[in-house]
Amino acid sequence: MHYHLPRRARGLRVRVVATFVVAALVALAIALAAFTFGLRQILTSSAGDSATTEAQQVAKELSTTDDASAALRAAGIHTQVVQVLDASGAMLATNDSHASTPLARPAESTRRTEITLDGDRDHYVVVTLAAHTRSGAERWVVAAAPIDHEDTIVDTTIVLLALTAGCLLVVTGWGIHRVVGRALAPVERIRLDVERIRSSHRPERVTVPATGDEIERLAITMNAMLDRLDAADASQRAFISDASHELRSPLATIRILTETDPEPSESTRVIHAETLRLQGIVESLLALARADDDALALTLRDVDLDDVAHTEALRARSAAPTRGGEPVVVSADLAPVRVVADGERLAQVVRNLVDNALRHATSAVRVTTRVEDAGNREPATDRDGAGRVNERSDDDARGTAVLTVDNDGSVLDAGDREAIFGRFVRLDDARSRDAGGSGLGLAIARAIVQAHGGTLVAEESPDGWCRFTLRLPMD
Numbered sequence: 001m002h003y004h005l006p007r008r009a010r011g012l013r014v015r016v017v018a019t020f021v022v023a024a025l026v027a028l029a030i031a032l033a034a035f036t037f038g039l040r041q042i043l044t045s046s047a048g049d050s051a052t053t054e055a056q057q058v059a060k061e062l063s064t065t066d067d068a069s070a071a072l073r074a075a076g077i078h079t080q081v082v083q084v085l086d087a088s089g090a091m092l093a094t095n096d097s098h099a100s101t102p103l104a105r106p107a108e109s110t111r112r113t114e115i116t117l118d119g120d121r122d123h124y125v126v127v128t129l130a131a132h133t134r135s136g137a138e139r140w141v142v143a144a145a146p147i148d149h150e151d152t153i154v155d156t157t158i159v160l161l162a163l164t165a166g167c168l169l170v171v172t173g174w175g176i177h178r179v180v181g182r183a184l185a186p187v188e189r190i191r192l193d194v195e196r197i198r199s200s201h202r203p204e205r206v207t208v209p210a211t212g213d214e215i216e217r218l219a220i221t222m223n224a225m226l227d228r229l230d231a232a233d234a235s236q237r238a239f240i241s242d243a244s245h246e247l248r249s250p251l252a253t254i255r256i257l258t259e260t261d262p263e264p265s266e267s268t269r270v271i272h273a274e275t276l277r278l279q280g281i282v283e284s285l286l287a288l289a290r291a292d293d294d295a296l297a298l299t300l301r302d303v304d305l306d307d308v309a310h311t312e313a314l315r316a317r318s319a320a321p322t323r324g325g326e327p328v329v330v331s332a333d334l335a336p337v338r339v340v341a342d343g344e345r346l347a348q349v350v351r352n353l354v355d356n357a358l359r360h361a362t363s364a365v366r367v368t369t370r371v372e373d374a375g376n377r378e379p380a381t382d383r384d385g386a387g388r389v390n391e392r393s394d395d396d397a398r399g400t401a402v403l404t405v406d407n408d409g410s411v412l413d414a415g416d417r418e419a420i421f422g423r424f425v426r427l428d429d430a431r432s433r434d435a436g437g438s439g440l441g442l443a444i445a446r447a448i449v450q451a452h453g454g455t456l457v458a459e460e461s462p463d464g465w466c467r468f469t470l471r472l473p474m475d
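196 is the number that the UniProt record's numbering gives to position 196 of the sequence shown; each next residue is one higher, with no gaps.
Heads up, a few of these hints could be off.
What the hints assert, rightly or not - Restricting the straight-line Cα-Cα distance to at most 20 Å, the calculated cross-link-like pairs of lysine to any residue (SDA-like) are:
hint	residue 1	residue 2
1	LYS60	ALA137
2	LYS60	GLN41
3	LYS60	ARG73
By construction, these hints were calculated from the structure, which means they are not laboratory data.
Given only the sequences and the hints, what does the whole structure look like? Please build it.
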């Protein structure tokens, strides 16, 4: 099985390889410079030794004659430039007609220099050696050995070494890239497992790789953490479910007593209203607990989503709050949409969304339904007074059903659009006009939608209104 690392993991591999390549390049540059310097010194020393040998041969011949030119001819020097100087530095003889001036001064130490011979300026090692003629006259033998071929050797060696090092660097970098990728593969598998667990309600665990290293210990530690989280989550769900069940009976008793009081006082009416509110919260908690346990009961059948939206829009119009002396306007633009769903649960979702919109609207609420990706379905235009389309198309059985509920109140910040679906979540005061909300409505709505295989998100409409969008599969 092949695991494709995400961009960050690939970036880590690239950074590791890049770090190695940079470090290797620096080390290779230093090593190549040191090698070049050493090789050049060796070749120069070898050329100097050769020049010294030739100078010694000429000095030996000078000791048998007073004629410098004869001594040079007797020595048979042809590969190097040799001159014989007197004690004052004047040239007495040379084996190269182009070397018409002394190459060095008497008693000058061995050195590397450039000499122009026959119009060409080349590199030579110049050696100066003291000698005496047969009559005892002081002479100086100057021998110059060319080292341009040594420079060629050095340059060629540098090129070959650089090419070899480059090839080795590429191969090694590729190998490191592969090794790092294999080393990170278990980490990527753990990440994929965690991602799967995050999106699933099942008590799964990450696969522990048998690597015997830190990665294996990381997986073991992560599983231990998941065990604790699951235990805490199960305990919390059990508490909510048990507490909700236990509260049902006393709340029902209080409700019956307040409803059967023949002459209810003001306090009795308040108690009755709050009891109804508490019963709603308890039922919401039970619904969430069942959803968490994947035990939310659904009675699936064909449901006309536009009919559900139409009913809730009518209800909202009759119960619309007043803003600035005017009731909030509830409009509907409903295309026929049929889904397979639990009708009562779906109505609960739409009701929660519309009630939430009424609480936060400034002056208007807008409800729409439509079908996405439904082929070539022709949009119907015959709508009744509630905004519903009277005709239905057979294409409604395909695509995705979409319901939007907009309000012209303040738009949710991007960072709050997911948090708003949390339990008992209350945002800023601008979105809390009505204290009657329990903070559970949107959480329940999303749980019901997810149980149907759909999605519910908060976003901003194109005209800048606050929007909640419900999507359900139509098959």
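Hints, one by one, checked against the model:
1. For the suggested pair LYS60 and ALA137, the alpha carbons sit about 14 Å apart, so the restraint of at most 20 Å is met.
2. With a C-alpha separation of about 28 Å, the suggested pairing of LYS60 with GLN41 is violated against the 20 Å cut-off.
3. Between LYS60 and ARG73 the CA atoms are separated by roughly 12 Å; this keeps the pair inside 20 Å, and the hint holds.
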